[in-house]
Structures are given as C-alpha cells and as structure tokens.
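Peer 1: Letter by letter, the chains look like this.
Number of protein chains: 6
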Amino acid sequence: MEISNEERAHILVQALPYIQKFAGKTVVVKYGGNAMISPELKSAVMSDIVLMRLVGVNVVLVHGGGPEISEMLKKTGKESKFINGMRVTDKETMDIVQMVLAGKVNKSLVQSLSRHNGKAMGLCGLDGNMLMAGKLAAADDLGYVGEIREVNERIINDAISDGYVPIISTIAGGYDGNVYNINADVAAAHIAAKLGAYKLILMTDIRGLLRDKNDENTLIPVVNVSEVPMLKKSGIISGGMIPKIDCCVEAVRRGVKRAHIIDGRIEHSILIEIFSDEGIGTMFY
Amino acid sequence: MEISNEERAHILVQALPYIQKFAGKTVVVKYGGNAMISPELKSAVMSDIVLMRLVGVNVVLVHGGGPEISEMLKKTGKESKFINGMRVTDKETMDIVQMVLAGKVNKSLVQSLSRHNGKAMGLCGLDGNMLMAGKLAAADDLGYVGEIREVNERIINDAISDGYVPIISTIAGGYDGNVYNINADVAAAHIAAKLGAYKLILMTDIRGLLRDKNDENTLIPVVNVSEVPMLKKSGIISGGMIPKIDCCVEAVRRGVKRAHIIDGRIEHSILIEIFSDEGIGTMFY
Amino acid sequence: MEISNEERAHILVQALPYIQKFAGKTVVVKYGGNAMISPELKSAVMSDIVLMRLVGVNVVLVHGGGPEISEMLKKTGKESKFINGMRVTDKETMDIVQMVLAGKVNKSLVQSLSRHNGKAMGLCGLDGNMLMAGKLAAADDLGYVGEIREVNERIINDAISDGYVPIISTIAGGYDGNVYNINADVAAAHIAAKLGAYKLILMTDIRGLLRDKNDENTLIPVVNVSEVPMLKKSGIISGGMIPKIDCCVEAVRRGVKRAHIIDGRIEHSILIEIFSDEGIGTMFY
Amino acid sequence: MEISNEERAHILVQALPYIQKFAGKTVVVKYGGNAMISPELKSAVMSDIVLMRLVGVNVVLVHGGGPEISEMLKKTGKESKFINGMRVTDKETMDIVQMVLAGKVNKSLVQSLSRHNGKAMGLCGLDGNMLMAGKLAAADDLGYVGEIREVNERIINDAISDGYVPIISTIAGGYDGNVYNINADVAAAHIAAKLGAYKLILMTDIRGLLRDKNDENTLIPVVNVSEVPMLKKSGIISGGMIPKIDCCVEAVRRGVKRAHIIDGRIEHSILIEIFSDEGIGTMFY
Amino acid sequence: MEISNEERAHILVQALPYIQKFAGKTVVVKYGGNAMISPELKSAVMSDIVLMRLVGVNVVLVHGGGPEISEMLKKTGKESKFINGMRVTDKETMDIVQMVLAGKVNKSLVQSLSRHNGKAMGLCGLDGNMLMAGKLAAADDLGYVGEIREVNERIINDAISDGYVPIISTIAGGYDGNVYNINADVAAAHIAAKLGAYKLILMTDIRGLLRDKNDENTLIPVVNVSEVPMLKKSGIISGGMIPKIDCCVEAVRRGVKRAHIIDGRIEHSILIEIFSDEGIGTMFY
Amino acid sequence: MEISNEERAHILVQALPYIQKFAGKTVVVKYGGNAMISPELKSAVMSDIVLMRLVGVNVVLVHGGGPEISEMLKKTGKESKFINGMRVTDKETMDIVQMVLAGKVNKSLVQSLSRHNGKAMGLCGLDGNMLMAGKLAAADDLGYVGEIREVNERIINDAISDGYVPIISTIAGGYDGNVYNINADVAAAHIAAKLGAYKLILMTDIRGLLRDKNDENTLIPVVNVSEVPMLKKSGIISGGMIPKIDCCVEAVRRGVKRAHIIDGRIEHSILIEIFSDEGIGTMFY
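Protein chains in written order, with this note's numbering: chain A, 1 to 285; chain B, 1 to 285; chain C, 1 to 285; chain D, 1 to 285; chain E, 1 to 285; chain F, 1 to 285.
In short, the hints are calculated from the structure, not lab data. Please note that a few of the clues may not be correct.
When chains are identical, the list treats them as one kind, so a pair holds in a single copy or across two.
[Said to hold, decoys possible] In silico EDC-like pairs for lysine to aspartate or glutamate, Cα to Cα no more than 16 Å straight-line: (1) Lys-119 with Glu-153; (2) Lys-135 with Glu-147; (3) Lys-78 with Asp-90; (4) Lys-213 with Asp-141; (5) Lys-74 with Asp-90; (6) Lys-232 with Asp-215; (7) Lys-81 with Glu-92.
Quick caveat: nothing in here was measured; it's all calculated off a predicted structure.
Okay, chain A solo, but in the shape it has when bound (with noise of 0.2 Å):
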C-alpha cells in the first residue's frame, strides 16, 4: 500500500495519547517463541522496544532460548528429557543451559539490539545477585530448576537510569551455590512484579486465550484475574496455557497494572499492544 507522508505524519499523531500514557513507565516483555526465531520478527521485535524506550517507556526484556538449549545439548550427546513440560537438569545440562542462556541468546539479543542503535546490557539473574533461588519443590527431582526467592531490582534499575534496556537471562543464584534454571514467564513475572511494572507482556505463539481453542475468532481480550479459577474449571484455561496465565494472575495480584498474552508471530505485536485502544491478545488485569 502507498502510504503517503501526509498520512504518516497523520498516523504518528495518532500514537501521542498512547506515548503520553506510557511515558516513564516500565514495561516487562517475556520474548520467545517465534518472534525469537524469525529474522524479521526479531528484527521488529528490537525496532519496537527501541521505539518504546525513545518516547520514554521503560522496558525490561526477560528471554527463555529452549531450541538453542535442545540443539546445543544434542551437540553434546546428552539428550533433553521433559517431566511435565519441565526439563530435568542435572549438573551437566545446567553447565549448556547457562552458557546458551547468558552466554549465545542473551548477548546476540545485545546485539541486536544494538544494530537497531539501541543501547542494551545483557545481564543474567546471577548479576547483582539478581534473582536468587532455592530448589523447586516438585514430585520428581528436576534437579537445578529451582524457584525465585528474591528478587533485587537494584542492578536493573541502574540499567534504567544509566540508559540501557536491560536484557535478562533467568538462570539464578541458589543459597547453596549453585546455579538455577528459571522458568522466563516466571521470572518476567516477578520481576514486574518487584519493578512495580505497569505492564507484563508475554510473547507467544498462540493469539491469546481462545473461548474454543481451534478457532481464533474466539478470542477472550479481557479477562478479570477473578474469572481465572472459573475459566479452568471450564476448560478454556487447559494445558500449556495454564502456567503462563497463571503468571499473569500473580503479577496482577502482585501490583503489576496490566498482563498481556499476545502473539509474537504478528510483526509489532508490541506496539500494536502499546499504542492501540483495542491492543492485541488477552488482558488480564
């Protein structure tokens, strides 16, 4: 479509309430999926957060890196095994999980984000003793997935104010010296939650949540985080759903304003979300 410059000067003007809104605001974005893997999603993924930053959001962006993980272990010879979704991590796989995390996705994110003239500082929950974990408590020995206990925004505040869009790998530091994997949308989510984030967003590669779950015309934009339990019960929260929602519900309960399962597979889903009166995805607030 030609899009003339009247009308984009046009289109811009109309983004001012949405850049009034968020200014001086801090935005958490849980980045994965798809728009992790595809050149030009990522590519979008970095304009947008550079965007958000110029016209004065803060943004925070916390990533997971499974494939990376899986393929860098299949490298190795060691197999990746799963008890409910939860990769089981012994001493070995933490050693790849870490180097992949902090070490390849974290620091190409830097990057990237970089090449978009953006001014990033890779960090991992191990930094400023970041994020501190304990083992998680779970009926099979997972082994070093463990669970946040503390949560010091500090280093990522120092980030903020020095300049930089901080760029989070979740791996954390144990009590017992160890070193953890995080879940990403948990830590997004507690991270937020410490950061009194106005927002939490997490990337997906779904639309959001489906009243019927093959048909995406039956997306839900706006869920009370009351209605939750009840959304369970019926079956319209099931499955791999159910964790990342319930990210969102303790966020919201936590003080964050605002938490977004939005697709990552459509280009500026961020900003769609940002500078939209519709947005995208599910809102929970």
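Dock chains B, C, D, E and F against chain A, hints included.
Peer 2: The following block gives chains B, C, D, E and F in isolation, referenced to the frame of chain A:
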C-alpha cells in the same frame, strides 16, 4: 483510507531513525500564516509540537500575529500603515502590538498546547530580558520597530529544562526603556542561532522557493546558502521571499545546521519535514 | 534630612532580625491601586521586591489592572458594565481583559522590575495550566468571570527556583476551553495558600481596617480571623472591605501564616510591613 | 535622631545597588585592634558580618590577638620580647600563642557571631592543612615566627558552601612538624589572594593613609598600587603603615580587586565601606 | 617477627569481613589517658583513625585534656581543686580550660592526624552551636561545669560529608552566654547518640571491667546494660568506673548499638576492637 | 604461624600508605591461568578484588578462558586448531567461544565475587557496544579472530559508578555484524588505556620476566618500556612473553602509569603487588 493496526505500527517504526536523529536537538519553529488561522491546521501544529517534545526534541515556538494586530487597531480606530512591508509603529500602535502579541496570541497558543496535553510557557522578549533591541535603522522613521542587539537565552533554556515548550512573542526591551516590535522571522533566526539550534523552520503560506513562482512543481528542495546571491540576481528569490530567505541564510551562517521554509497550509508539515527523508519545502544549509 | 553613612549602616543592621526571619520564606503580594499608577510608588514597589528577593525572600507578584481594562474598552467603544462591583464580561470584553492584563500590565511590570535589575518572568493562569477555573456561580450572568478550581503551583515554583520573580496575571483556563477573568485578590489568596506562603499582602488605597472609616487614627492593626464575623456584624468591616478581608481570612484558614491589608499609597509600604515590628496596615492571623 | 519607618525603608532601598554588586562575592576581613576590644564595636562587627552573609556576601574573618597573648604570657611569667615589631617566639611562647589564638580569641569570636544568630566555624591554619609555613627568614632569630608557603583553601570553601562564616586563627603547620605564628595581616592577604576574593579589608586603629599623619583631614581615599613606592619614598607611607600597605599591594598584585585599610574604631565601618560610594579609609586597587 | 608479604596479604584479607561490616557506619571515639600522652600510642591511634576512615568508617574523635589543663593552671599560679573528681571551675579556670582544650590539645591532634595524611577539622562545642549546656546541677558549686542540653550535630555531619575527621573539644556554649566545661566521656556519649552512631569507644587506662580489679585475667568481655545495676550492687562496678559505664549505658539506651571501654595502653586497641571477633576490653550492648 | 591481634592490627596499619596511594585509582586486572583454575587461588583473587574495592580502588576484571573453550569444543566434537598460538575460529567455534566466555566463565566469576560479598556485573564487549572489532590482519585466515578498533568505555564507567566490579569477557562486535574473539591480554591493555587506568596487571603462570628463564632468582623487577627492544634482541624477552610484554608496552605508551606481569600461582599476588614496596613480578613503566 482504512489503515490496520499492523500498518500503523509499521509506520511508527519507520519514524524511528528520524526520532533517533533528533532526540535531544533543538528546533526553533516560526509559526504564522494560515497555520495559525485555520483551527484544523492549528490543532495539527499543536499535536506535532507535543509529539516532537515527547520523543525528545526541544521545540521553541516563535510567533507573529499580523492579522490580529490589524484587526485590533481597526477596532480602536487606528489605521495600519506600512512602509516596505513594515508597520509604522507609533507609541499607541506599539501598545496594541504588545497587548495583542503577548496578551492574546501568545496566551491563546499556550492554551491550545495545554489542550493537547503539552506543557507551555508563554514568554515575550521582555521576560528575563530575553530580547534587547535598538531602533531599526531605516530610511523612513518606522517608530518602535526594533532590531535585536542581544539575545539572553537563559530564560528559554530554563523553560526547556523545566519541561516546558517556550512560546515566544517577539517584542523586545530597548536600552532606552521603550518596547520595540521585532519581525518574528528575524527574531526566530536570532534565537535559533543563540540556542545553537539544529533546525530553524519558518512556516509560510507558500510551497517553498519555486523556480517559477506560478508553478508549484518547480519547487527547489535544497539550497546551499552560497547559492542565494545568484538566486537573487536571477530573480528566483524576489519580493516577500527575500527577507525570509535572508533569515535562513543568517541563521545558517551563525551555526544553525538547517533552515527551512515550509508550507504551513499542509497539515503536519513540521512532522513531515522532521520525519521524512524528502522533507517538505525548501531547505537551506 | 541629612543622614550620615554611620546612621545608614546602623539602620541596615536594625533590619537584620527581620531579614533573618524572612529568609527562605514565600510572600505573595497582590499589587494594585495607586501603587500601580504613580510612577514613584511603582518604582518604590519594584525596589522593595528586588531587595526582598536579594535577602532571600521568595516574592510572588499578583496583579490586577482594572483602570487599564476600562480605558482599553473605552478605546474600542465597549462600555464597562458592573454588577455588585464585578465586571460583566462578554467574549469580546474577556478578549480585551486578557490582552490588557497578560499583554500590557504584566509585561510592563516585567520590564519595570528588569529596569531595577530584578529577574522577572511574566506568567498568567494559562501558563503551565497554573489556574483552572469554572464559571463563577452568581445570581446574575456575569459572563466569563470565573472562580478558581485548581492551582497548579509547579510553574510558579519552577520560576522561583530558577531565580525569577513570577509576576502573575489572574486569567484562568476553563475546563470548557474558555478563558475566565479571576478577581486578583482572590487569586492571590489561592496562590498563597497553595504555595504554603508565609505572608499574603494585599496592597490597597486605604490605611487598613479602620474602626471609624473616616478617621485614619482608628486603624485596627491586628485581627484574629475568628473576630471577623463580629466585626462584620458591627459594621466595621463593610462595603469594599468585605471581599478583601474574606480573601485574608480564606488564606489564613488554608495555612498562610499572616495576611495583610496595607496602604499602597505609602512609599515602601511592603518593606515597612516586612522590616518593622509595628508593620503597617492591618494584619490577619 | 528619630527616624521613621518610611525613612528606614528608604535607606534599605538605597543599599540595594551595593547588595547587588557584592552578592556572591568573597570579602576577607582582617579583624583586630580596638574593634576587637570594645564590646560595642565587637557587637557592631558581628552584626555587619551576619548582615553581609545574609545578603549573599561570603565573608571570611581572619583575626590576630596580640594583647591577649601578651596578657597570658605575663600571667605565666614569660616576658614579651619584640624585634622590629615582631614577637620573639620560643617554643613555650608559641604554645601560649596557639592556645590564646585558636583556643580563646577564635572560639570567643565564634560564640559572639552565634549570639548574633550567625553560623560560625572556628578554624586555624592547622585544620585541613590550611596554612603551611616555613621559618621566617630574618636577620635575628625570631624562633617560631613563620612565613606562608602554601594556602590550602579547600577547608575554607567547604565551610562557606556549608553555610558557615569561617573564623581563622593564623597559626600554621610547618613542614618540620612545628607550629608557626603568622602575622594576621599577611595571612589575610594570602588567603584573600588564594580565594580570589573581591575585597580584602584590614581593620586598624587609624583613619587610613594620611598625607599628614597628624591630621585626619588629609586622608588619601584611593591609591593605585603603582603609586605606593613613591608614597614610601616621600615618607607618607612610613612606620607601622608599611607592612599593612605591603599586604594590600601584595593582595592586589595577586588578583584581589580592592584592598582597604579602614578605621575599626568607627562603628559599622565594614558596612560603610561596602554599602556606600565614598567608602571609608583608604582603598588600594 | 619476620612476616612475609604473602602473610601480610593474608592478614589484610582476613580483615575484609570487618571492613564490610563497618563501612558507612559511624564510630565515636573518646580519646584520653595514656594513649594521648605516649607519642608511640598517639601515633598508633592516628594511624588507626586514618585507616578506619579510608575503609569507609566515619570516625568522630572526642577528647579531654585533664593533665594539660592542670599543668597550665600551675604555670599561671592557679591551683586545681576537685570535688568528687570534678574540677571546680571559676571564670579564670574556665578560660584556661578553653584555651588548653580548644587551642592546644585539639589543634595538636589535628596536626598529628595531618601528619598521618588524615584530613582533620578541629571543632569545639561552640562551633556551629554544636553543644549547648546549662550549669551542672550539683550539691557543691562547681562553677562553669556544665551539662549538655542540646547537641546540634549538623556541623559534625557537614565535616564528615566534606571528608574530614571531626576532632571535638568538649566545651559548650551556655544559654547565658557563658562557656561551660563538659566531661568528655559524657559529651562523647551524647554525640554518639545524636549521630545514631554504631559504636561508642571510651579509651581508658584499664583493661576493661574486671571481676576482680586487681586481676586482669578476670576481664568481663560483654555486658548487657540490664546487668549494670546488679554489677554495681555487687561492687564489681565501682569508683571511677561508675561514670564511664553510666556513659556507656546511656549511649546504648539512646540507640548506640555498642559501647566499649577499651585499654588505650595497648597499641592499636581501636583497630583490634573493630577488626577482630573477640574485640578488646568490655562491650556494653 | 600464630599471629596475635596486636600484630594483625600492626600489619593493617602498615598497608595504610598503599591504600592512600591507590584510593580512587583504576586498576585493570587480566585474570587467567592457574589463578582461575585452582579453587584456593580463585577464592584468594576474589578476596583481593573485594578488598581493593572496599578501600576505594576501582577494579576492572578482564578474563580469558582457553581451557574451558577447548574442553567444550571437545565435548561437541570440534577440534581445537592453533596457528602461532592463536585459535583458528570458524563460525561454529566462535559460537562456542562466546557461550563459554560470556555464559560460563564470566557468569561463574560473577557468582564467585558475589559469594565473597562483592557486587559484580558480568559484561562482554557486545554490551553497550563496549568493544568494536575488525578481522585480525594475519598471514593465515584465522576466521573470527578480531582486533579492537574502538573501546566505548561508557558502560564500564557506568558499572563502576553504580558500585559494581565490571567483569569482562573479551568478545567484540564487528562492524559487519559478526562477533569476534579478542585476545584477553590485548583487550585488557586497550581497556586500561581507554579508562586512563593507573595500573594494568596481567596474571600469568610465571614469576615475571626472568633474565635466565630457567632460574626464578633472575627476575627482573622493573623495566622501562624503552629497554624492551634491547631485551627482545638479547633473547631475554622471547616466546610466549613477547605478546604479553607488547601489551604492557602498548598500555604504558597510551598513558597507563604501570603495567605488571605477575605470578598468579602465588596466593594474593595482586594484593602483594598493590600493598608492598617491592611488589611482585615485573613492572613496566
């Protein structure tokens, strides 16, 4: 034209390199002509300014107010007299000029910007001794028409750093205790130079410098200030364009990076100038 | 009278305890009446303000401008109409009021203070949304006569902390987009209250509150605000004094330490008030 | 003489241009002689200092204490011995000198200023290594009489910027670990020079430099430092005036704008000097 | 003993946890007794203070000076008279006390610290009105012996934040304009309490509180302040220990975390107290 | 050896002059070799760094990680290939290098320092565009082995001023969008130069520069950089020492005051270097 949220986001992102380029820079806009008369254009200008400020551009608005002055003079039974396009300004006229500019036009611009959620501070050249003038040297006695001797930019910088858009009426204090009327284009050029502005933008009611003044398709988009004498000799720069272009040349000579003559009749012309490669109107460098 | 340098020094030193008492405090002065008309008195007021500022008092000047408004209305052929001492203000009149106050009176006070080496910033209630008003509730339709709903003191404090004496015209923005004329005494009281001022000083053309209004020797120097109802009942407070004293009472009720009605016809009456034990005029506490 | 409040206010206002001139400037006062002995004069000096500080002058007080030293020496049975007006200072004498200056005179000045509501900090040349000295080169062995080698003004500036009037005893630390007595006039001149003071004021018990030393009507009010050699040759500068005037010359040579010899026997002589055109005593520039 | 560089480094590292514990905390040291007389001990104390300051401890030094006072009184032919261990202080004695403490002892401590490359500021209770006192209520008239009514800690904090070690003579200003002598232990306790100090350390010439005062092996290392009355009853706390321990108790009651009585005759006793687990002397908490 | 608390205190005090000398200075430590492998040595290095930071030294830690890289390559079935001591680095190898350095070695150092109560921030050359590189010019194609073109020290200074010890992996971003491996000694030298460091310390597994490389008693403690060419010619500087010493020379040439080659196999070698006169290893100046 129907534009989807995806397309909107895409357009926002395309503005990114321009925003990055101008963030932290100062742009002095001389506001006048139709853009100040038509309510739609006025509203668009206000939006443009608020948007620029939000993305980190330090905007300074300098305004004239010829039509309102003439109208008020008429109301009080004074006749407007012009010599070479300059108003002959006796004491009584000067009083009206001051009231209309600093009391009516200025404050109603302040109010307009406020209504667009901007933070405005209405100042004139008397505040903080911003503009000091002497009587304009001219063949005929024009009365209280002044020329700038000193720009004390301190109050403008105070306003900017406190977060306001300074809106400036171009009346100046004289060393003799009188008040002088200053041509707004000239004042804008002086202010831009003293502030070390990146851009000076003069809003007019023409497309820009035209090779054939009856054909808008002959717009000259870019002029090096060294070409101006030749363009004058050849008659391409003539009539009312001469003083405006002299302001541009003067501003560039004193260190302003770019000076522009743009068409205020086009909605969002300032944004188009700032946020596109082609810009709009004629640029002097 | 011939005064030696020794005596001068002695007098300066006697001002010391008063200077120590007021350093760092805020004093709001409503300026009006003869003190604004006579050039000698005006010059004395300007000196007083500059001196107070130099010894560390944060002075805020609020002004009216009735006579100039009437004069300008006359020039444009409009008649001044009053109901209960308040000007009936149609759209056209409001335009004149705004121009005269914010464009003429305000800026000429700025220039006067500058000539006394003061740093002045001329503001009105529209700047930085300082004064927000609604239509004054009254029996008769007075047009654009407003009452204050909100004082946003931020712009005043910015001016003070940047080293300026804020000089304020009391026109206010309406939530309906109109401009309203505000009684200057009332505005000064509201501003003093919002700033947490130490003193509110209303300059008038009378000695203060007189027990017998025909005998200046019956001045009541000090009044507790709780005595005001009784003084009204007894007729001592009557006529034009009522609204002025109501302003004083209101200011004191809202936390201003002292409110004064002083005689602007006496040269340096502000200084005398500030720098002597007896003060001048009538003090409400 | 009866002076009305109106006249008082008028006199305050007449001080305005002087206050404006000195605000933010540094004035070093060497305090000594009768002004330090008479309780009335002492009280007047304290008032002068507090007033100057309140109107923004940074006052530094440097004091001597000859009479108290002699008295204390007498009490302990030591004889005061002088060569060329300089006290012969053995170890025991130096101990007494230090005690009297830094312990008695200094701290009682601190207390006096406090009683006038001033904020004083009593320091000596040892504090913060302010004054470093070597043994004075002289024909006769004067013992612990020193000459300044280094002024570390940091502690004085710290005191000023924390809001105190620094009151300084002129004993200095030696590189050899000893303490040396420094002539207070000389120390004041060095300190004024290092601080980049605007004025150095030496309080004495004479009118100033007299053309005929027996006739106070022959006061020379202004001397250019280049005239001093000639005035010495002609005998007009002679005796005890020589070292004092040498201090003034030295201070001016090192960048102090004006150095003054004033008569401390006149009440408020400092204020008169600062706040009148004619000043008092003799000014060197 | 020959200690290798490796061993030295090792010992430094062992101090690390103590340094981390005390960094940023305030420690008030009452300095007196043999530690102030022996040149070796004095030098060790100075080193200790400079080291503590360098590792981030805010040290405040409070000193007495009994022996020097007595010596000076003797020199001037005054006799020292004591009632219950307190010096009877007439006007003349008070003068000597002030001179010796604030002029001699204080300033020579300043010089000592400077020679150890410390930055010292010598103050007394008169400076910045730090200590305000009334006459001590006592059975016998002790003259100018005072008790503290007010501690204005501002000047101490100013000195600390400007990087100085404040060294304080405990003479105080009276509301009656007199100067009062204050017991240095008591003053140190008051100052520690007002500063919210972490530790108060009283340097004495005994090991600490001994169960059997003739046997240094019976040192009681730790005492809870609630045990003090019992220890007094049992006679373990007796004689000269009573007022010192009362100071410790008072300080702890007013919020000081720990108060110590340590043996100043042991070289580096302060450092040993701060940088070892066992500490030295007796600790009250 | 049994060392008493008194002796410990004495040793602490002896460190005082060194602490005073280095307070506020920047020291860049290249960490590697045995000191990074042995848990005891590693723990000692961490203690040294925390101590230095506490006494005011700004430590920057730069690390390599050769052994871990080789081990990881082996695990993934890649062979390590070297030409002239430099690893041939294809894309896949570079990926492993980045992961191991920035993800494993770096973050485990961060964790170690945290366990010693230090505040660490793990960064690599990609963060904040700290290190920009081009392909190393070499006879053989080494793949992604880079040479530094630009050091953007901003992010390092931000980390320091926020109170962190920056720990840096020496991978760099290329202008071509690739990532390059940088020799850690070289990177440390460049960083030290750009920071204006006082000292560069290269930790190695040798004593320093030996006159006879088989005899540790022939250590050359001090070398002027101008002597280096001669020492190379004479064969004293040879083999693996050449590039290390070239780094030292380069750092000194660019303004680093001293560069050191020290023996990381000696516990607390950094502290010994900093806190003794003789130092340790070889110093270049």
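Peer 1: Go through the copies and call it for Lys-135 and Glu-147: within, between, both or neither, with a Cα cutoff of 16 Å.
Peer 2: Close inside one copy (6 Å), not across copies (43 Å); limit 16 Å.
Peer 1: Between Lys-119 and Glu-153, at a C-alpha cutoff of 16 Å, which is it: within one copy, between copies, both, or neither?
Peer 2: Close across copies (13 Å), not inside one copy (19 Å); limit 16 Å.
Peer 1: My question is about Lys-78 and Asp-90: at a cut-off of 16 Å on alpha-carbon distance, are they close within one copy, between copies, both, or neither?
Peer 2: within (10 Å within a copy, 23 Å between copies)
Peer 1: With 16 Å as the alpha-carbon cut-off, assign the pair Lys-213 and Asp-141 to within, between, both or neither.
Peer 2: Answer is neither; intra-copy 32 Å and inter-copy 54 Å both fail.
Peer 1: For Lys-74 and Asp-90, with the copy left unspecified, which applies at a CA distance of at most 16 Å: within, between, both, or neither?
Peer 2: Only inside one copy: Lys-74 and Asp-90 sit 15 Å apart there, 20 Å across copies, limit 16 Å.
Peer 1: What label fits Lys-232 with Asp-215 when the C-alpha limit is 16 Å: within, between, both, or neither?
Peer 2: neither (18 Å within a copy, 69 Å between copies)
Peer 1: How would you label the pair Lys-81, Glu-92 (within, between, both, or neither) given a Cα cut-off of 16 Å?
Peer 2: Classified as within; 13 Å inside a copy, 25 Å across copies.
Of the numbered hints listed earlier, those contradicted by the structure are 4, 6.
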